[in-house]
Amino acid sequence: MDKFDKLTGVAAPMNMINIDTDMIIPKNFLKTIKRSGLGKNLFDEMRYDRDGNENPDFVLNKAAYRNSKIIVAGDNFGCGSSREHAPWALLDFGIRCVISTSFADIFYNNCFKNGILPIKVSKEDLDNLMDDAERGANATLSIDLEAQTIEGPDGGTVSFEIDAFKKHLLLNGLDDVGLTLQKEDKVNSYEEKQNASQPWLAGASA
Amino acid sequence: MSSPKTLFDKIWENHLVDVQDDGTCLLYIDRHLVHEVTSPQAFEGLKNAGRKVRRPDLTLAVPDHNVPTTDRTKVIENEEGRIQVETLQKNCKEFGVPLFDLQDIRQGVVHIIGPEQGFTLPGTTTVCGDSHTATHGAFGSLAFGIGTSEVEHVLATQTLLQSPLKNMRITVEGALPEACTAKDLVLALIGKIGTAGGTGYVIEFTGQAIRDLSMEGRMTVCNMTIEGGARAGLIAPDQTTYDYLMGRPMSPKAGAWEQAVEFWKTLPSDEGAVYDKEVTLDVSEIVPQVTWGTSPEDVAPITGNVPNPADFADPGKQDAAQASLDYMGLEAGMAMQDVIIDTVFIGSCTNGRIEDIRAAAEVAKGRKVADGVRALVVPGSGLVKEQAEEEGLDLILIESGFEWRDPGCSMCLAMNDDRLEPGQRCASTSNRNFKGRQGYGGRTHLVSPAMAAAAAVNGHLTDVRDL
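Residue numbers (numbering that gives the first Met the number 0), protein chains in the order written: chain X, 0 to 205; chain A, 0 to 466.
Hints are supplied without guarantee of correctness; some may be wrong.
Said to hold, decoys possible - EDC-like mimics (lysine to aspartate or glutamate), calculated; alpha carbons at most 20 Å apart, straight line:
hint : chain 1 : residue 1 : chain 2 : residue 2
1    : X       : K122      : A       : D318
2    : A       : K9        : A       : D237
3    : X       : K33       : A       : E93
4    : X       : K2        : X       : D126
5    : X       : K192      : A       : E261
6    : A       : K51       : X       : D162
7    : X       : K68       : X       : D50
Claimed, not checked - Residues from chain X that face chain A, not an exhaustive set, calculated with beta carbons under 7 Å:
hint : residue
8    : F92
9    : N109
10   : K112
11   : G114
Calculated directly from the structure, the hints in this document are not laboratory data.
Note that CB positions come from ideal geometry on N, CA and C, so glycine has one too.
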């Protein structure tokens, strides 16, 4: 996983609430057995017509936003299906950061496993950032994860909160499976204890 | 004496392997369900790192999303779907994970088979790479959906890194009126709290209306907790739970059973336990519910009308409602019962259990599916199908003009060949009415099984009480 420390880029405005993971990557692209290659189908049903032609009104098809690295979106981003294909598609397109007033829990967690930073801001800050994003390629946002700030094109700064451990994983691009495996002794002793107290749990599907 | 605890607190504390200085918890996972869509990249990750599955005996795999619901003996025609199912078969073999394969009568929708086998148990943690894992909370199991990276983490370590969730209690009072079901209850609830109402919470459902539900009904309620934004719903185990579980193939065996029940009886929330948020809903006056828009919070009573977007207070919601009406091809103010449908889908992890098939058959009996309506009944598992056939429900439904299919996720998300064409409109017992969910350009109205059958018979959304 790539580290995330600083990011400067064009932010695409998506002023809609409840952008669900079915919109981010529709089910016909879930049949893959790989993580890569989903970027071309990001927001597929909004981005293309039935014949595969680009919809010129969709934000990521506009010249200013074709290389967006950030999305600024309305409330409850990433709701619905748990599909990690959603962050994979965002990442494959080049999106490393999503800013919203709130995120669905599963999507939020999935972002951190893929080097994407989801940032929660207040409604007021979101409105300002949405205005910045509407200004297109001339208006880039700069994210500094260490400092927990978003800097707008006019130099204004918004601070954001983030869980310390999640921040640590992102800043260092760490694989948490490897970290957990270092705690194998604790898992072993938990299992011993549980086998004694709830012996009916082991061997269920064996 | 320690302070009073909620059901969630008890399960959480029982599963702590480690707590980091920053509060991040390493949580032990007792039950891991796996399906073909969200697991291939997880197994690939294990392979690349030379890791194995730590506890295959706590893991159960099944193909469900891509599987055809007609003739099982044929190969899956869609190449990518076939490869995904074959990849699951190969991975299960290589890593020693138990699999209910396509020809196995126990195959079915992943959230139907866990409870059916007694794999899902009270007081456990259950995960799956699927948001509707919330279903298993009906048993008092802390059950939630995870992403594929987390699937890999559980396969390798049998644990998950999690931050504690907040407690919400939803007390559902009153007795459900005639013809109203668990589906109507949960739709009414989501209409009330919204699709982000439960974000960050685990919702514990209590109250007389919940106690009165069967396990099937409780699963329907917990299943749709995720549509209210909460990763998990919980219902404390009681005699209804024990009666359902006793004698299931993977339930505790005689001897261990008594010990298990004794433990399960300690799980319900203590008197005086504190919740971060409380919601109360009285269902004694509700009528059957339907959705009109493209978010599960877009709920109306069947006796009501399509709302006017201008009537919403929030500008974001006004825009969303207008976009929904445009997509759904509906006019503000029209009666819900005037909405003409051409497709009916009865099935899914929300409503694919035996009670649901019975409810549909009861409405269908002696009636015919309206001309021009395609109506599918897709049992949730091979065992549900078998039982329905033993009860003769298949014959009633076929006689009425319904198609009787093999088990799978089917038209809930249309990853197999069961899908809507652009502009088609479906009364569906599934859980999501998102744009394109049941097929590109397809329009979905979420309803209960009885309401779906009533719509099939009349060719439009119908108040089942009027039949």
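Right, here's what the structure says about each hint:
1. The suggested pairing of K122 of chain X with D318 of chain A holds, with an alpha-carbon distance near 17 Å, which does not exceed 20 Å.
2. Pair hint K9 of chain A plus D237 of chain A holds up; C-alpha atoms about 16 Å apart against a cutoff of 20 Å.
3. With a CA separation close to 18 Å, the supplied pair K33 of chain X and E93 of chain A stays within the 20 Å bound.
4. Annotation: proposed proximity of K2 of chain X to D126 of chain X is violated, straight-line Cα distance about 28 Å (limit 20 Å).
5. For the hint pairing K192 of chain X with E261 of chain A, the CA-to-CA distance comes to about 18 Å; that is within 20 Å, so the pair holds.
6. Simply put, K51 of chain A and D162 of chain X have alpha-carbon atoms about 30 Å apart, too far for the 20 Å limit, and the pair is violated.
7. With a C-alpha separation of about 27 Å, the suggested pairing of K68 of chain X with D50 of chain X is violated against the 20 Å cut-off.
8. For the restraint placing F92 of chain X at the interface with chain A, the shortest Cβ-Cβ distance is roughly 18 Å, beyond the 7 Å limit, so the hint is violated.
9. With a least beta-carbon distance of about 4 Å to chain A, the hint placing N109 of chain X at the interface is held under the 7 Å criterion.
10. Annotation: interface hint on K112 of chain X holds; nearest CB of chain A at approximately 4 Å, less than 7 Å.
11. At about 11 Å, the closest approach between the beta carbon of G114 of chain X and any beta carbon in chain A exceeds 7 Å, and the interface hint on this residue is violated.
This entry does not satisfy hints 4, 6, 7, 8, 11, going by the numbered hints stated previously.
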